[in-house]
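Peer 1: The primary structure of each chain is shown beneath.
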Amino acid sequence: MRGGAVTTGSLLERESSLGVILMLPGALLLMVFMAYPFFLGIWLSLTDSGIGRVGRFIGLQNFVDLLSDTIFHQTARNTLIYALVTVPFKCALGLGLALVLNNRMRFSNPVRAAVMMPWIVPTALSTLGWFMIFDPVFSPISWLLRHVGLISKNINFLGDPGLAIASVCWANIWRGTPFFGIIILAGLQAVPADLHEAAAIDGAGLWHRFLHVTVPHIKGVVLIAGLLSVIWTFADFQLIYVLTKGGPANQTHIFGTYAYQIGLSATEIGMGAAIALYMFPILSVFAVLLLIYLRREE
Amino acid sequence: MVGGETLGRRTLDIYLPLAFYLVFLLFPFYWMSIVSLKPTNDLFEMKYNPFWVQRFTLENYRYLFENTAFPEWVKNTLIVSVVSTIISLVCSILIGYALARLRFPGSNFLGVGIFLAYLVPPTLLFLPLAQVIVKLGLYNTYWALILTYPTQLIPFASWLLMGYFRTIPKEIEESAMADGCSRLQILVRIVLPLSIPGLLSAGIFSFTLCWNEFLYALIFMSSGPMKTIPVGVVSDMIKADTLFWGSLMASAVLGSFPIAILYSFFVKHYVSGLTAGAVKG
Amino acid sequence: MEKKTQRKLSRREFITTGAAGLGVAALGTLPRQVFGGQAPAVIKGTKLAFLQATYFIAPAQDLFRKQVEEWGKMAGVTMAVDFLNWPDLQPKIAAAVQAGGVDIMDLWPGWNFLYRNSLVDLTREAEEVGKRGGGFEPYVLNSGKVGGRWLGIPNGYSNASMAYRISWFKEAGVANADDGNKIDMTWAEYFAVAKKMKAKGKPFGQALGHSTGDPPGFCYPYMWSNGAMELSKDGKSIAFNKPEFVDAMKKFVQAWKDGYDETGTSWDDSNNNRAYLSEQISSTFNGSSIYFAAKKDKPDIAKDTHHILIPKGPAGRFYWLETRTTAILKNSKNVAAAKEFLKWWFQDEQYNTWWRIQEGYHLQHVKKLADDPMWFKDPKMTPFKQQPKYGLNTGYAGPPNEKAALAWSKYIVVDTFAKAVQSGDAKAAVEWGAEQLKRAYGV
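Residue numbers (our numbering), protein chains in the order written: chain A, 11 to 308; chain B, 40 to 320; chain C, 0 to 442.
Among the clues, some could well be false.
As the list claims (entries may be wrong) - Facing chain C, a subset of chain B residues (Cβ under 8 Å, in silico):
{"no.": "1", "residue": "M85"}
{"no.": "2", "residue": "N88"}
{"no.": "3", "residue": "L166"}
{"no.": "4", "residue": "Y178"}
{"no.": "5", "residue": "M216"}
{"no.": "6", "residue": "A279"}
To be verified - Simulated crosslink set (PhoX-like; lysine-lysine; CA at most 25 Å straight-line):
{"no.": "7", "chain 1": "C", "residue 1": "K437", "chain 2": "C", "residue 2": "K235"}
{"no.": "8", "chain 1": "C", "residue 1": "K366", "chain 2": "C", "residue 2": "K342"}
{"no.": "9", "chain 1": "C", "residue 1": "K197", "chain 2": "B", "residue 2": "K86"}
{"no.": "10", "chain 1": "C", "residue 1": "K201", "chain 2": "B", "residue 2": "K86"}
{"no.": "11", "chain 1": "C", "residue 1": "K297", "chain 2": "C", "residue 2": "K376"}
{"no.": "12", "chain 1": "B", "residue 1": "K86", "chain 2": "C", "residue 2": "K195"}
{"no.": "13", "chain 1": "C", "residue 1": "K65", "chain 2": "C", "residue 2": "K332"}
{"no.": "14", "chain 1": "C", "residue 1": "K197", "chain 2": "A", "residue 2": "K163"}
{"no.": "15", "chain 1": "C", "residue 1": "K65", "chain 2": "C", "residue 2": "K235"}
{"no.": "16", "chain 1": "A", "residue 1": "K163", "chain 2": "C", "residue 2": "K195"}
FYI, nobody ran anything at the bench for these hints, they're computed from the structure. Every residue gets a Cβ at the ideal spot worked out from N, C-alpha and C, and that includes glycine.
Please model the complete structure; the sequences and the hints are all you need to start from.
Peer 2: Pasting the structure below:
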């Protein structure tokens, strides 16, 4: 392959230079609008800067201070719950969805588009819908359960300590399920039909076929989707911001919302940047896992 | 698919679970729609069944079109989404192809670097980024978003396309090269036409994210008529401690609609694009 | 030189307003000669960008926009006003402080401290406004100055009080329920009514979620009226964990069970409005927006609604009250024009029209307006009129400053209440709050 470069001498033909040239436009955008501000952000986290106030360099002081902040502990715990507990649910529900959609049926395109809705509409708007559904007084869920006699008091979806985090997780599962569904569906469609038929002829049952034909084929996509989902959920912001702003009593704060509260509302931008950067090592673990997996597949 | 299927069996296996999923995933949209069709006073009237519209009204939609700049927001959102999707696609095609097919110094490093861009949340970036935007004179122009959105899109799109390009047999390219085609000609004439589903997936993905973005849109471009749909809706439909639920939900419905239609046209390609790209990548 | 013209102008303005009266000025469309016939050439052809929170009183927002445009036309300045949803203000301001793009903005209580390094000193302009209005209200003096300087011109604050249903309070045996102005309650009395009302299925409601208006508006005064405060007078220690406050917190926890809608832990500023207007609760702490919304859409409820002053405790009666300020950003490229505009807008003719159209939703910044005829139009708004004299600032007994704003934006006091009612352990909650305050204030 390398020999191909010899034919013309131009930059565009030599693999090494062409590669760099092709990378350039995207890389440039990422450098200017992502890498540069990102390093500015790291610098901020090492200072006691406020908004509109250039701070002094204070080393790792912000990071150390956070270690003894009980709200930060709570935030870290919440984030782990939010990111790790929701993924198995999204995955299981997504798998079920994919298996259902993989059948031949009428209106399959509109149905697929419809079930994608939670994933594709603006979160800022759909979460407002959930905000209404979780309303402590006017929740339709409470109304229904009250009318069939299952409960006597309205459910305090976003106000009870355990329920609040469960409710935001629920909304997150709702939003993420279609993503898993569609990715796994893509995986299912890559399973050659004759494999199933061959297994069926051999007398393999449905479960057996699922386990030995389907699962090996979709293992990869599930893993990728899962890791991506953990990463995205970990760094989430909008959903919680609209529903609870981290309340009540910080029971739903995650890194993003806490960083926002300290960095923006309280203008302690250095500290806020430090909170956000605490995400980095944990996210990196998942990102490295993902990279290792992808590399191995190659 | 194998063996005899009775209608009863199909109902149990397919339609029942499907019904469950439709209710689970679409109920919030049902809720948003009926709220948007009710007069404000009925919304919080406890004697009514909340799941149904007692007194139908289009007032909330009328308000949206007559009292707000909704059409303007749609235009802004469209311009920004379309242009930044195109920019992201072009960049991602080039990056994806380079990483999939070319060996060049630093390619590993660059590949990992672009992948890591996933891990940088906008909440961390937007303050320093605001300075960059202002220094470049982009503040409150379409360019502020058109140039920053690709940073959120390129990592995923180029990764997806890279996977897709790898599935195209090398032999096709090699024989074209033997015929005297240059790399770029191969990319444009052979690789891209073979990658339409992958391009569609990446394009739809990018468009969706642009359409939905909130924080950058709020900060870099929210003055006067230069708002996008999510920002405009939230700042015009929430007045102090009163929420205009009807209009809020009406705009949520209208804001979601174009995306849903887009998907119903392209969902097939989207899935097959993911199949070849993300899945095998 | 400049000073002299200014004074002359304001005197003339004063006379015009007096003569024109309320009705004529209502739309603010009288042609005015602010610059003696012509705008200074320096600001002609420039641009000004404004940032304000969306208004609850829609006509006031329209009026403000109109006034801005009117001045723009006179001065030959292109004006752009942006009204934003409350929670979205801060990210926008933060970006503007860092990067520019906005000239004039409306700052909420405490923000003049948070952004102190980025604001233009408007001491002269503010003093002028104060003098013209017979002096600023004490709460304004208390919270508007940053290190002895005015970094924005105070414009007052839209505060809250207790709204209640007249007929239901009557049923609960509250004397003088017809006239909130005659009711003077202690917390114990107020909670007793709550208990009776909850038994009838119409509890009280109070927001305790992470929201910037009603939760702190309730929690800080309850704390102060029960003898606790964030900082001691000398500013050297936290005065939050006091036995009398723990005791009061226990009473609140009990009242929450007996008399409140217990879902309030998740309520934000808007939940209690909805609950009240749909007749689910009989009383709540809120701005007059409930009453105004009812007047518009549910006249029966408006008729049956009155306001009382916030209840008093052993240590007295208090409101959390700090002024909003209209400030100019240092990085504005057009400070001169911005100053000219503010000087014009804070003239009685503009400001008072804007203030009156809000019918008491917005508290006055200067003493002269304390007995303005506007306050006597609707006796149901009188409890709001009295608030300025009960105002304390966040951080009390210390000064309002960045640290107080930090404690406030971390919702430490609010979360103490939420924790107490969730866990039922008042003592542990107050201890937690004291610990957090210690961190925030660094004492």
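Peer 1: Now look at each hint and say whether the structure bears it out.
Peer 2: A quick look at each hint next to the structure:
1. M85: Cβ of M85/B sits 6 Å from chain C, so the hint holds.
2. N88: Constraint on N88/B not satisfied, violated at 15 Å.
3. L166: holds, 6 Å
4. Y178: Holds. Min distance 5 Å.
5. M216: violated, 49 Å
6. A279: Holds, because the Cβ-Cβ distance from A279/B to chain C comes to roughly 3 Å (cut-off 8 Å).
7. K437/C x K235/C: The hint holds at about 10 Å.
8. K366/C x K342/C: This hinted pair holds, its Cα atoms lying about 19 Å apart.
9. K197/C x K86/B: The given pair, whose Cα atoms are some 20 Å apart, holds under the 25 Å limit.
10. K201/C x K86/B: holds, 16 Å
11. K297/C x K376/C: holds, 20 Å
12. K86/B x K195/C: holds, 24 Å
13. K65/C x K332/C: holds, 23 Å
14. K197/C x K163/A: holds, 13 Å
15. K65/C x K235/C: violated, 49 Å
16. K163/A x K195/C: Holds. K163/A to K195/C sits at ~18 Å (cutoff 25 Å).
Checked against the numbered hints given earlier, the structure breaks hints 2, 5, 15 and satisfies all the rest.
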